[in-house]
Amino acid sequence: MSLKTIFEQHPERRYIMFGGKGGLGKTTFSAATAYWLASQGKKVLVFSVDPQASLSDIFQKDIFGKGPVKIMENLWAQEIDADQHIKEYQNEIRQKILDMYGFDEVPEEIEQYIQAASAEPAMEESAIFDAVVDIVVGGNYDYYIYDLVPLGHALYYLSMAKVYDEWINKITKLREEMREYEEMVSRLKREKETEEDQILTELLYIRQRINASSSILTDKEKTSFFFVVIPEEMILLDTQKAAGLFAKFDVPISGYVVNRVVPRELLGQDIPPYLRNRIEMQDKYVKQIDEMLGSQVVSSVPELERDVTGLPMIEKLAGIMFGK
Amino acid sequence: MSPEQADPLKKSIFQNLKEILYGMASHDMSRYAIRTRASMEHLFILITMGDMIGIPILPPYYSLRLLPYVVPQISTWKRRLLREKDVSDAMF
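Taken in sequence, the protein lines are chains V and P.
Counting from 1, position 230 in the first sequence corresponds to residue 230 in the numbering used here; the numbering is continuous, with no gaps.
Counting from 1, position 3 in the second sequence corresponds to residue 1003 in the numbering used here; the numbering is continuous, with no gaps.
Please note that the accuracy of each hint is not assured.
If you want the ones that stay clear, here's a sample from chain P, every Cβ over 12 Å from chain V, calculated [said to hold, decoys possible]:
1) Asp1007
2) Lys1010
3) Ser1012
4) Asn1016
5) Lys1018
6) Arg1037
7) Arg1083
8) Lys1085
Derived PhoX-like pairs: lysine-lysine, alpha-carbon spacing no greater than 25 Å straight-line [stated by the list, open to error]:
9) V:Lys4 to V:Lys316
10) V:Lys189 to P:Lys1011
11) V:Lys170 to V:Lys21
12) P:Lys1078 to V:Lys189
13) V:Lys241 to V:Lys162
14) V:Lys61 to V:Lys43
15) V:Lys21 to V:Lys220
16) V:Lys162 to V:Lys248
17) P:Lys1078 to V:Lys173
18) P:Lys1085 to V:Lys189
19) V:Lys220 to V:Lys42
20) V:Lys4 to V:Lys287
21) P:Lys1078 to V:Lys170
22) V:Lys316 to V:Lys61
23) P:Lys1078 to V:Lys96
24) V:Lys66 to V:Lys42
25) V:Lys21 to V:Lys284
26) V:Lys170 to V:Lys248
Computed list of chain V residues with no C-beta within reach of chain P, every gap over 12 Å [claimed, not checked]:
27) Gly23
28) Asp50
29) Ile110
30) Gln112
31) Ala117
32) Leu155
33) Ile168
34) Thr201
35) Ile210
36) Lys222
37) Leu236
38) Glu291
39) Val297
40) Pro302
It is worth saying that the hints were derived from the structure and are not from the lab.
Each residue gets a CB set at the ideal place from its N, CA and C atoms; glycine is no exception.
With the sequences and hints as input, model every part of the structure.
Written out as structure tokens, the structure is:
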């Protein structure tokens, strides 16, 4: 099945993701897919959460932390600044504390905790996925193309979401028990109503956010996940491992895109042994990919004569990926 | 005596009686319930904000959302968890 057919047959799959090891062309394919969909008249947002995001480079426009920026008709691009998102979030918490208790400043130990909390490594993943939920629930676009950070992050987040969910269930239960005691006291004292438990409300909100963000990655109806591979041994081994892990977390894998295939036609020409060796090596792995993945390979993209930056090159690549 | 004058008197007798009954019958129960509620509150803060006293719990992004609500309890919570225990704890 070709990439084009998949998009034509499944218009309901609105969340598109390209995943794979770093540097294989995830961003490039995201941009090209976004370009193709936009030129088909769909309203598309392509976004990235990578702190070293390269959407800015590929579109040759500085969009980092600037919200959705219009690239061309129907096409918007956005790079989320996770640090900035965390800072805003912290300020929101501080402001809430000040407002709730009428303090002039946040008590020292609380402030220390706020700062320490954001130094933890998992903070960034959570912040990133929270920002993604914000974007996706907005629902302003026909397609969301998510230029994923390298695989580890996504897997880490998915496993975290599972643990988080259980954790929230437990503390919600504890909170509900606490509520029973509170009600008992009010009954004994014959007070009318107990105050609404805001923490419980907050917990339910958190659970809903976590579920929303992990379901973006795992929704079989709406999500298409493509792996990017290149014909090299290490990449293939790694991708196999990753695909196994993704399957465990129910990420729906729609196909594989093979990148950087050196054109075989060159063999007929007078080329140096260096290039000939590379082509022969790739030949071996292209065969292996074929045996391993077969019809799951939805597109195969040759090594281009130059890097893909700027709209004309993106257009050219989109033509190769989707057929003109 | 008009009914308007009798009412407050009746009310206060009734009120006193109610309080005496409450004191005899259910004050202890509600005190106990409040204590249990307080222990649970501290347990709750422990499993959400454990990092604060050096117990790593879980990614703190969403814990921060809960922080504003527990600000007033933080210092009593810390005092309770970090104090030394002795025999008298078992008595009261």
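Now the hints, each set against the structure:
1. Asp1007: holds, 20 Å
2. Lys1010: holds, 18 Å
3. Ser1012: Holds: least Cβ distance 16 Å, greater than 12 Å.
4. Asn1016: Its Cβ never comes within 12 Å of chain V, the nearest being 14 Å, so this holds.
5. Lys1018: It is violated; lysine 1018 of chain P is separated from chain V by about 8 Å at its closest Cβ, not greater than 12 Å.
6. Arg1037: Arginine 1037 of chain P not clear of chain V: closest Cβ-Cβ about 4 Å, inside 12 Å.
7. Arg1083: The claim stands: arginine 1083 of chain P keeps its Cβ more than 12 Å from every Cβ of chain V (closest is about 16 Å).
8. Lys1085: About 23 Å separates lysine 1085 of chain P from the closest Cβ of chain V, which puts it past 12 Å; holds.
9. V:Lys4 to V:Lys316: holds, 15 Å
10. V:Lys189 to P:Lys1011: holds, 17 Å
11. V:Lys170 to V:Lys21: Violated: lysine 170 of chain V and lysine 21 of chain V sit about 36 Å apart, past 25 Å.
12. P:Lys1078 to V:Lys189: violated, 29 Å
13. V:Lys241 to V:Lys162: holds, 20 Å
14. V:Lys61 to V:Lys43: holds, 19 Å
15. V:Lys21 to V:Lys220: Roughly 23 Å between the alpha carbons, so the hint for lysine 21 of chain V and lysine 220 of chain V holds.
16. V:Lys162 to V:Lys248: Measuring from Cα to Cα gives roughly 12 Å; hence the hint holds.
17. P:Lys1078 to V:Lys173: Answer holds: lysine 1078 of chain P to lysine 173 of chain V is near 23 Å, not above 25 Å.
18. P:Lys1085 to V:Lys189: Violated. Lysine 1085 of chain P to lysine 189 of chain V sits at ~32 Å, over the 25 Å cutoff.
19. V:Lys220 to V:Lys42: Between lysine 220 of chain V and lysine 42 of chain V the Cα gap is close to 21 Å, so the pair holds against 25 Å.
20. V:Lys4 to V:Lys287: Satisfied, since the Cα-Cα distance of roughly 23 Å is no more than 25 Å.
21. P:Lys1078 to V:Lys170: The given pair, whose Cα atoms are some 22 Å apart, holds under the 25 Å limit.
22. V:Lys316 to V:Lys61: holds, 19 Å
23. P:Lys1078 to V:Lys96: Measuring from Cα to Cα gives roughly 22 Å; hence the hint holds.
24. V:Lys66 to V:Lys42: Holds - the C-alpha atoms of lysine 42 of chain V and lysine 66 of chain V are around 22 Å apart, at most 25 Å.
25. V:Lys21 to V:Lys284: The given pair, whose Cα atoms are some 20 Å apart, holds under the 25 Å limit.
26. V:Lys170 to V:Lys248: Holds, because 24 Å separates the two Cα atoms, which is no more than 25 Å.
27. Gly23: holds, 28 Å
28. Asp50: holds, 18 Å
29. Ile110: violated, 6 Å
30. Gln112: With a cut-off of 12 Å, glutamine 112 of chain V comes too close to chain P, as the shortest Cβ separation is near 8 Å.
31. Ala117: violated, 4 Å
32. Leu155: The claim stands: leucine 155 of chain V keeps its Cβ more than 12 Å from every Cβ of chain P (closest is about 15 Å).
33. Ile168: The claim is violated: isoleucine 168 of chain V sits with its nearest Cβ about 8 Å from chain P, within 12 Å.
34. Thr201: Threonine 201 of chain V not clear of chain P: closest Cβ-Cβ about 10 Å, inside 12 Å.
35. Ile210: violated, 7 Å
36. Lys222: Nearest chain P Cβ is 24 Å from lysine 222 of chain V, so the label holds.
37. Leu236: Correct as stated: the minimum Cβ-Cβ distance to chain P is 32 Å, above 12 Å.
38. Glu291: holds, 41 Å
39. Val297: holds, 36 Å
40. Pro302: Proline 302 of chain V clear of chain P: closest Cβ-Cβ about 42 Å, beyond 12 Å.
In this structure, the hints that do not hold are numbers 5, 6, 11, 12, 18, 29, 30, 31, 33, 34, 35, in rising order.
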